[in-house]
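**Q** Chain residues, written in single-letter form:
2 protein chains.
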Amino acid sequence: MADQDERTPVALTPGHDEHLAAAIESAGGVLVALSDARVLVWAGGVDDFPRELPDSIEWVALKLAGIEEFMSAGLIDDRRIWTNASGFYAENVAEHALALLLAGLRQIPAAVRSRWDKDAIDTSIRSLHGSTVAIVGAGGIARSLIPRLSACGAEVIAVNRSGRPVDGARETLPADRVGEVWSRCDHVVVAAPSTAQTRHLIDASVLAALPDHAWIVNVARGSLIDQRALLAAVRDGQIAGAAIDVTDPEPPAADDPIWDEPRIIVTPHVANPSSGLTRTLAPWIAENLRRFRAGRPLLSTITPGSTY
Amino acid sequence: MADQDERTPVALTPGHDEHLAAAIESAGGVLVALSDARVLVWAGGVDDFPRELPDSIEWVALKLAGIEEFMSAGLIDDRRIWTNASGFYAENVAEHALALLLAGLRQIPAAVRSRWDKDAIDTSIRSLHGSTVAIVGAGGIARSLIPRLSACGAEVIAVNRSGRPVDGARETLPADRVGEVWSRCDHVVVAAPSTAQTRHLIDASVLAALPDHAWIVNVARGSLIDQRALLAAVRDGQIAGAAIDVTDPEPPAADDPIWDEPRIIVTPHVANPSSGLTRTLAPWIAENLRRFRAGRPLLSTITPGSTY
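Protein chains in written order, with this note's numbering: chain W, 1 to 308; chain R, 1 to 308.
Hints are not guaranteed to be accurate.
Since the list gives no way to pick one copy over another, a pair counts as held whenever it fits inside one copy or between any two copies.
Below, a list of computed lysine to any residue pairs in the SDA-like style, where the Cα atoms sit at most 25 Å apart [stated by the list, open to error]:
no., residue 1, residue 2
1, Lys63, Asp77
2, Lys118, Phe49
3, Lys118, Ala253
4, Lys63, Ile121
5, Lys118, Ser86
Just so you know, these hints were derived from the structure itself, not from any lab.
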């Protein structure tokens with residue numbers, strides 16, 4: 001634990017970011033080179049990440065929310081603490097999830113495209129009010145999303161790994177009972193991390209089990225949905241549509257048929273916009289640095305092997 | 001006041017509607033011809049409305065929320081009670097207002113149109129979280145909208161006729177101080193009734209006073225916005241965009257330039273969809289019939305000459 005008066009040496013790289021630098025300095029850190037640092041705040045992606053870290057680095061703070069590339073590259077070791085940023089962007093991602101769900105239910109892109117085809121739009125609109133929304137992978141995003149859905153008059157069925165009750169959800173099911181959810185909800189929000197276990201969590205059998213008025217929202221990773229099966233289900237009317245911020249592959253090819261399916265709404269992985277991202281992250285880095293200096297547990301630590 | 005055991009004769013016309021008929025019967029009514037009725041539940045518009053009502057009609061329940069056509073046709077007399085349905089559809093309209101605001105802020109139609117132009121979308125997105133939303137004409141829709149906005153992390157400045165504080169709003173201003181609002185809010189939701197006083201409430205001077213990141217939502221009536229000034233302000237970048245469920249004229253002409261302005265999102269007057277409308281209305285008609293039979297004040301009575 002650092003002496004209260006001694007500043008903690010922190011490396012902030014690659015590049016310089018004014019928001020993160022100010023946060024580090026406000027929380028008792030001092031910016032130094034990597035070789036002199038006890039903390040690395042890594043503002044980049046996986047490709048440039050140093051393959052050998054100095055032993056002096058006790059904590060690595062990643063700017064990213066999704067860390068599967070760091071995982072599969074074997075970079076997350078057990079010789080220090082690692083944190084990511086998944087919880088810190090939850091408000092932003094929850095807001096985008098709600099925007100996507102409402103855009104689907106209230107037929108906003110269809111209305112824009114059809115230029116006042118009132119009869120078609122009027123009869124296609126559904127209310128979020130009074131509906132039941134399943135949130136699969138109920139972590140930080142769900143904690144931000146549930147109050148929004150509740151205020152809109154919707155009820156939530158949460159699915160998480162343990163089944164431990166999630167605040168504000170009507171009920172919470174463990175992941176091994178996710179199969180019970182599909183026929184009992186109106187709509188689904190996918191918010192689980194991308195792991196081997198969650199790949200194609202939404203597949204043809206799930207799509208067949210959902211009600212035909214269901215909208216699916218994905219703000220997690222494209223791999224969680226079997227996108228070919230999704231396209232077929234929407235075309236066949238098995239579900240009403242999908243509003244997705246992530247795709248598989250990402251971005252979709254220019255000739256991917258999902259571009260021509262009006263009931264699939266695609267936004268370009270912007271639930272947590274890169275512009276303004278470090279401004280959002282900065283107070284959390286400061287909070288974690290204060291915790292680090294006080295020897296208290298850090299927020300958003302990475303637990304290798306976690307599913308959802 | 002009716003004897004508890006005696007059923008109240010109600011005329012339900014034009015046409016027959018199963019939801020309204022069931023509601024009337026469940027609340028102590030019996031369906032009769034207009035000439036035998038004490039209550040008229042009018043399920044139509046202004047054109048077919050009888051120009052002479054039997055003197056026996058003590059209460060007319062209109063299915064519509066906006067009743068300016070009934071007003072200007074001089075049909076709303078003072079010989080009986082009149083109710084409209086504005087308060088009953090508030091949840092639905094508030095949900096659509098939120099959907100429109102989020103669709104604008106989160107760039108949903110722009111993202112759909114641009115097919116993964118990530119750089120452009122990412123830098124155009126703004127968060128509702130942390131913003132201040134002015135609701136001009138803060139009545140029933142605002143009461144439903146404010147909890148939704150609060151759950152999204154936004155604060156509300158309400159404007160109503162009296163300035164009497166609105167629950168959940170950070171502050172409430174009377175209509176004669178509406179000019180103070182524009183520079184102090186991020187976004188505007190127009191929810192006031194259409195009257196001579198509210199025509200072009202949003203005009204060129206208001207648009208110039210709003211911040212350049214502002215989105216304007218209109219779920220009231222098209223006449224409240226000077227649509228030509230709106231188009232110019234959006235094109236000039238005076239505001240970020242508008243998401244409107246109502247237009248002036250309605251619908252816009254096929255060659256109206258608003259169709260070609262991507263930052264104006266238009267839905268075809270579907271905030272309160274006609275399909276399913278009588279199902280939404282039915283419990284309120286039942287409630288009002290119970291009140292009528294008990295001699296208690298009715299909900300959503302029409303007060304001629306009210307503005308906002």
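**Q** What are the numbers of the hints the structure violates, in ascending order?
**A** none
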